[in-house]
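Assemble chain C onto chain Z, guided by the hints.
Sequence lines, in order, name chains Z and C. Residues 27 to 201 in the numbering used here are what the first sequence spells out, letter by letter. Residues 26 to 204 in the numbering used here are what the second sequence spells out, letter by letter.
Read the hints as simulated data drawn from the structure, not as lab findings. Please note that a few of the clues may not be correct.
Subject to a maximum C-alpha distance of 27 Å in a straight line, what follows is the list of computed DSSO-like cross-link-like pairs (lysine-lysine) [stated by the list, open to error]:
no. : chain 1 : residue 1 : chain 2 : residue 2
1   : Z       : 128       : Z       : 95
2   : C       : 64        : Z       : 113
3   : Z       : 95        : C       : 135
4   : Z       : 95        : Z       : 160
5   : C       : 98        : C       : 51
6   : C       : 51        : Z       : 136
7   : C       : 187       : Z       : 31
8   : C       : 72        : Z       : 113
9   : Z       : 150       : C       : 135
10  : Z       : 52        : C       : 187
11  : C       : 127       : Z       : 113
12  : C       : 135       : Z       : 52
13  : Z       : 31        : C       : 64
14  : Z       : 95        : C       : 72
15  : Z       : 150       : C       : 98
16  : Z       : 178       : Z       : 157
17  : Z       : 31        : C       : 43
18  : C       : 51        : Z       : 95
19  : C       : 135       : Z       : 31
20  : Z       : 178       : C       : 27
21  : C       : 187       : Z       : 113
22  : C       : 46        : C       : 167
23  : C       : 72        : Z       : 52
24  : Z       : 95        : Z       : 178
25  : Z       : 136       : C       : 98
26  : C       : 95        : C       : 113
27  : C       : 72        : Z       : 31
28  : Z       : 136       : C       : 187
29  : Z       : 136       : C       : 64
In this text, all values refer to a predicted model and were calculated from it rather than measured experimentally.
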Amino acid sequence: MPGTKFIEGDTVNLRTVERDDAEFLKDGVNHPDVRVWMSNTRPQNLEQEEDFVDEVVSAEGDIHLLICKEGYPKGIISLMDQEEEGKIGELGIWLHPEFHGKGYGSEAAKLLTEHAFNQLNYHKVYARAQKQNKPSIGIWKKLGFEKEGEFKDHTYAQGNYQNVVYLGILQGDWE
Amino acid sequence: MKIKFLEEGDVILRPIEKEDKEFLQKLVLHPDVRNTIGKPPTPVNLKQEEEFIENLKEDESKESFLIEYKGEKAGEISIGALEKPYRKGEFGISIHPDHHGKGIGSTAVKLILKYSFETLNRHKVRGGYIEGNEPSRRIQEKAGMQEEGRERHYKYVDGQWKDVIWMSILETEYFDERE
Numbered sequence: 027m028p029g030t031k032f033i034e035g036d037t038v039n040l041r042t043v044e045r046d047d048a049e050f051l052k053d054g055v056n057h058p059d060v061r062v063w064m065s066n067t068r069p070q071n072l073e074q075e076e077d078f079v080d081e082v083v084s085a086e087g088d089i090h091l092l093i094c095k096e097g098y099p100k101g102i103i104s105l106m107d108q109e110e111e112g113k114i115g116e117l118g119i120w121l122h123p124e125f126h127g128k129g130y131g132s133e134a135a136k137l138l139t140e141h142a143f144n145q146l147n148y149h150k151v152y153a154r155a156q157k158q159n160k161p162s163i164g165i166w167k168k169l170g171f172e173k174e175g176e177f178k179d180h181t182y183a184q185g186n187y188q189n190v191v192y193l194g195i196l197q198g199d200w201e
Numbered sequence: 026m027k028i029k030f031l032e033e034g035d036v037i038l039r040p041i042e043k044e045d046k047e048f049l050q051k052l053v054l055h056p057d058v059r060n061t062i063g064k065p066p067t068p069v070n071l072k073q074e075e076e077f078i079e080n081l082k083e084d085e086s087k088e089s090f091l092i093e094y095k096g097e098k099a100g101e102i103s104i105g106a107l108e109k110p111y112r113k114g115e116f117g118i119s120i121h122p123d124h125h126g127k128g129i130g131s132t133a134v135k136l137i138l139k140y141s142f143e144t145l146n147r148h149k150v151r152g153g154y155i156e157g158n159e160p161s162r163r164i165q166e167k168a169g170m171q172e173e174g175r176e177r178h179y180k181y182v183d184g185q186w187k188d189v190i191w192m193s194i195l196e197t198e199y200f201d202e203r204e
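Chain Z with its partners taken away, still in its complex shape (with noise of 0.2 Å):
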């Protein structure tokens, strides 16, 4: 049973990330759908992602919510302070892959970014992808995230130099 609601929406919930989670973590981000766009190069075992709850989601400071829909986990979200002088965050998505294509992370991504801006006072925040996730870049772009910058042969994944690019939000230019 995945963890107490932070975030209600239409269609999915975020909810806190538990001990309990970690085997659906394990499940998604040894995936090669999810871990080839995110650069994960090595597996993960169930003990590496209990490590993961315990230590960087229990941390002091960046916020993790399990994407849930009915109960059943669908995907992580993440906001990382990146500067926290400067309230600037960066946000990191993933969606286990029978769930892409659904909208889940479009909702997932809105309801963070929202909360960023209108409870947490964020200034700006952002979020990278590799050139040809199309679908990632899309969710951003929906939300009026805008293209900042391109970064070449920024990271190696199947089989080749991907570039980076980097889509941006300030708050004032939200909603």
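Just chain C now, kept in the frame of chain Z:
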């Protein structure tokens, strides 16, 4: 045997146990609660809640209680120290919205003031509420607390800065009232 530390009517204040972590998590993350307390709205998982409870043991400047109403977990209240040599204290309270409107907050505040003055020998106790939180204002006024001042831009809620209004009661006022 039912454990209790302070009691009035259907309301009991008792020590917080590790098993209370699920309840405390649901309490602090409830939208109607997290918008009225000092802590900014960031998620808290069970591991963090467990550490919070673990730290209560170590923290000698603060006493925390679970509020029970008719045997059900209803909220949390704590009394912390401000400038200890001056014997000043500050309390914080949250009641789960399922139990709002039953007078539990009023009774719990009354009990925490009794404990602060009659057991801990405090000189002054402070409380506060975020502007617009009328139920909290009423509870504190009913307990004999006076408005002390407004601290500007204390909390950011729904795209706006909110002020906190600090309330307080002195030991002389508490004991005069009790006479």
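Comparing the hints with the structure gives:
1. 128(Z) / 95(Z): Answer holds: residue 128(Z) to residue 95(Z) is near 11 Å, not above 27 Å.
2. 64(C) / 113(Z): 17 Å, holds
3. 95(Z) / 135(C): 42 Å, violated
4. 95(Z) / 160(Z): 24 Å, holds
5. 98(C) / 51(C): Roughly 11 Å separates the two Cα atoms, so the pair holds.
6. 51(C) / 136(Z): Holds - the C-alpha atoms of residue 136(Z) and residue 51(C) are around 23 Å apart, at most 27 Å.
7. 187(C) / 31(Z): Holds - the C-alpha atoms of residue 31(Z) and residue 187(C) are around 25 Å apart, at most 27 Å.
8. 72(C) / 113(Z): Holds, at about 26 Å.
9. 150(Z) / 135(C): 44 Å, violated
10. 52(Z) / 187(C): With Cα atoms ~41 Å apart, residue 52(Z) and residue 187(C) exceed 27 Å; violated.
11. 127(C) / 113(Z): Given pair residue 127(C), residue 113(Z) is violated - Cα atoms ~40 Å apart, limit 27 Å.
12. 135(C) / 52(Z): 49 Å, violated
13. 31(Z) / 64(C): At roughly 17 Å apart (the allowed maximum being 27 Å), residue 64(C) and residue 31(Z) satisfy the hint.
14. 95(Z) / 72(C): Holds. Residue 95(Z) to residue 72(C) sits at ~23 Å (cutoff 27 Å).
15. 150(Z) / 98(C): 40 Å, violated
16. 178(Z) / 157(Z): With a Cα-Cα distance of about 10 Å, the restraint between residue 178(Z) and residue 157(Z) holds, given a limit of 27 Å.
17. 31(Z) / 43(C): 21 Å, holds
18. 51(C) / 95(Z): Given that 27 Å is the threshold and the Cα spacing comes to 19 Å, the pair holds.
19. 135(C) / 31(Z): The given pair, whose Cα atoms are some 32 Å apart, is violated under the 27 Å limit.
20. 178(Z) / 27(C): Violated: residue 178(Z) and residue 27(C) sit about 67 Å apart, past 27 Å.
21. 187(C) / 113(Z): It holds: about 19 Å lies between the C-alpha atoms, which stays within 27 Å.
22. 46(C) / 167(C): At roughly 31 Å apart (the allowed maximum being 27 Å), residue 167(C) and residue 46(C) break the hint.
23. 72(C) / 52(Z): 19 Å, holds
24. 95(Z) / 178(Z): At roughly 37 Å apart (the allowed maximum being 27 Å), residue 178(Z) and residue 95(Z) break the hint.
25. 136(Z) / 98(C): Violated. Residue 136(Z) to residue 98(C) sits at ~34 Å, over the 27 Å cutoff.
26. 95(C) / 113(C): 32 Å, violated
27. 72(C) / 31(Z): 16 Å, holds
28. 136(Z) / 187(C): 24 Å, holds
29. 136(Z) / 64(C): 23 Å, holds
When the structure is compared with the earlier hints, violations turn up for hints 3, 9, 10, 11, 12, 15, 19, 20, 22, 24, 25 and 26 and for no others.
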